[in-house]
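Engineer: Protein chains in written order, with my numbering: chain H, 1255 to 1334; chain P, 6 to 324.
If you're looking for bench data, these hints aren't it; they were derived computationally from the structure. All values reported here derive from a predicted model rather than from experimental measurement. Do not take every clue at face value.
Derived DEER-like restraints, expressed as beta-carbon distance ranges [what the hints assert, rightly or not]:
#1 Thr1280(H) x Lys139(P): 46 to 54 angstroms
#2 Asp46(P) x Lys1277(H): 21 to 29 angstroms
#3 Ala28(P) x Glu1290(H): 58 to 66 angstroms
#4 Glu1290(H) x Lys94(P): 35 to 43 angstroms
Stretch by stretch, here's where chain H covers chain P in the computed footprint (C-beta under 8 angstroms, at least three residues) [as the list claims (entries may be wrong)]:
#5 182 to 191
#6 247 to 254
The following residues of chain P were derived to be distant from chain H, with all beta-carbon distances above 10 angstroms [claimed, not checked]:
#7 Ile22
#8 Leu57
#9 Leu61
#10 Leu96
#11 Ile125
#12 Lys146
#13 Pro157
For each residue, glycine too, the CB sits at the ideal point set by N, CA and C.
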Amino acid sequence: MKLSVYSLKNVLFQGEAVSLNCKTVTGEITVLDNHETYITVLSTGIIKIIDKDNKEHAFPVKSGFLEVKDGNEVRCIVEQ
Amino acid sequence: MESPQNLKKRLKSVDNIGKITKAMELVAATKMRKAQQVALDSRPYAFAGLDLLANLSILENIKKEELPALFEVRKNIKKVLFVLVASDKGLAGAFNSSVFKKFEQHLKIDKEEWKKENHIYVAAGEKAFAYLSKRGFNVIKKFVQVGDHTTPEQVKPMADFILEGYLNKDWDRVIVISTHFKSALKQEPHVRRILPVDFEHIADTVSEIIPEKGKFAELIKEHNISFTPNKEKLRDYLIEPAPKIVLEMLVKHLIFMQVYHLVLEANASEHSARRMAMKTASDNASDLGEKLNLQYNKSRQSRITTEIAEISAGAEALQ
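Bound conformation, chain H alone (with noise of 0.2 angstroms):
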């Protein structure tokens, strides 16, 4: 899937990802191909992030929010 995690000061991931887990205020959540579209609100937590070379990448994260697109497309708006 096509995923990108912006912050506000910088892009801290862009590019095809197998998978991404996190954790929303509903409970921790991994996304991985064709999920349905779905928004949700992320809470305090690591954001883990599995690239298509199978390289592991995380990022800490005060807020934010997650948006499954239509398309296999995957968006989070972080704070940090």
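Please arrange chain P on chain H, whose structure you already have, making use of the hints.
Structural biologist: Okay, now just chain P, sitting in the frame of chain H:
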């Protein structure tokens, strides 16, 4: 004619002033570039946030529910909060005075209304505070040192203060007067209403992140950005925990982003205004230096001529 010693002294001080203004010009230029860069770095976030808001606000299930309080235009506007964004330090040309002038113009336009409304003021920057207290206005809070490559953390207290007061009904409308960075050579003071929230207003601010001319102006063409969501293309979203809560939180984030951006833009404007002012000052100093140098040479020459004339006159008298 002035004595060469005096002229030399003046020449030296003009030279020194020139050196100082030149240094300030260079510093301001670097700071301006940095401030622009910071504003640009927050751009993807702003676009994504706005896009999300656009998608959310046209969803059917939200319309049925009540919109968050931040969207509501209150019927009885009694208290209006004005936020003046200026600089902490002077020597920035007309930067501060143009903000104040715009503010006064704005007050004149709404003269009738303004008798009914109660005005409250927040000052961002020492100069804004000095101006408002001189005018005898009721300044409830001032925020200083928001200049120089601001981080989101530095702006947070100001945004939170504005938002909290609004939700507590301490004020019913928030107007910000700040400088819009058009290009490195041109800045304009703008009056913006940031609360209650209006989608158009946020979209305006976001599109202004990119200056109309100059180094970064081409960026907007590359990205081909538009804020009108395509209704047919949108599928129904699954929204957790509830659309209203998500919308409310998103709007809070966007207001913060907007305030942050206004401060960044004011910073970039301040530094470019200062750069221009200092450039003019150092140009003037070098002009003046040249004139003084000429005057000094003339005065020295005339002295030498007088001395030679005296010597030759003395020699002639001896013969």
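Engineer: For each hint, tell me whether it holds in the structure or not.
Structural biologist: Checked hints:
1. Thr1280(H) x Lys139(P): 46 to 54 angstroms: With a Cβ separation near 52 angstroms, threonine 1280(H) and lysine 139(P) satisfy 46 to 54 angstroms, so the hint holds.
2. Asp46(P) x Lys1277(H): 21 to 29 angstroms: Since the Cβ atoms of aspartate 46(P) and lysine 1277(H) sit about 25 angstroms apart, the hinted range of 21 to 29 angstroms holds.
3. Ala28(P) x Glu1290(H): 58 to 66 angstroms: holds (59 angstroms)
4. Glu1290(H) x Lys94(P): 35 to 43 angstroms: Cβ of glutamate 1290(H) to Cβ of lysine 94(P): about 53 angstroms, so the range 35 to 43 angstroms is violated.
5. 182 to 191: Contact hint for the segment 182 to 191 of chain P vs chain H: violated, 0 residues under 8 angstroms.
6. 247 to 254: holds (count 3)
7. Ile22: At about 38 angstroms from chain H, isoleucine 22(P) clears the 10 angstroms cut-off, so the statement holds.
8. Leu57: The assertion about leucine 57(P) is violated, with a minimum of 5 angstroms to chain H.
9. Leu61: The claim breaks: leucine 61(P) does not keep its Cβ more than 10 angstroms from every Cβ of chain H (closest is about 7 angstroms).
10. Leu96: holds (29 angstroms)
11. Ile125: Answer for isoleucine 125(P): holds, closest chain H Cβ roughly 28 angstroms.
12. Lys146: holds (23 angstroms)
13. Pro157: Violated: least Cβ distance 5 angstroms, not greater than 10 angstroms.
Checked against the numbered hints above, the structure breaks hints 4, 5, 8, 9 and 13 and satisfies the rest.
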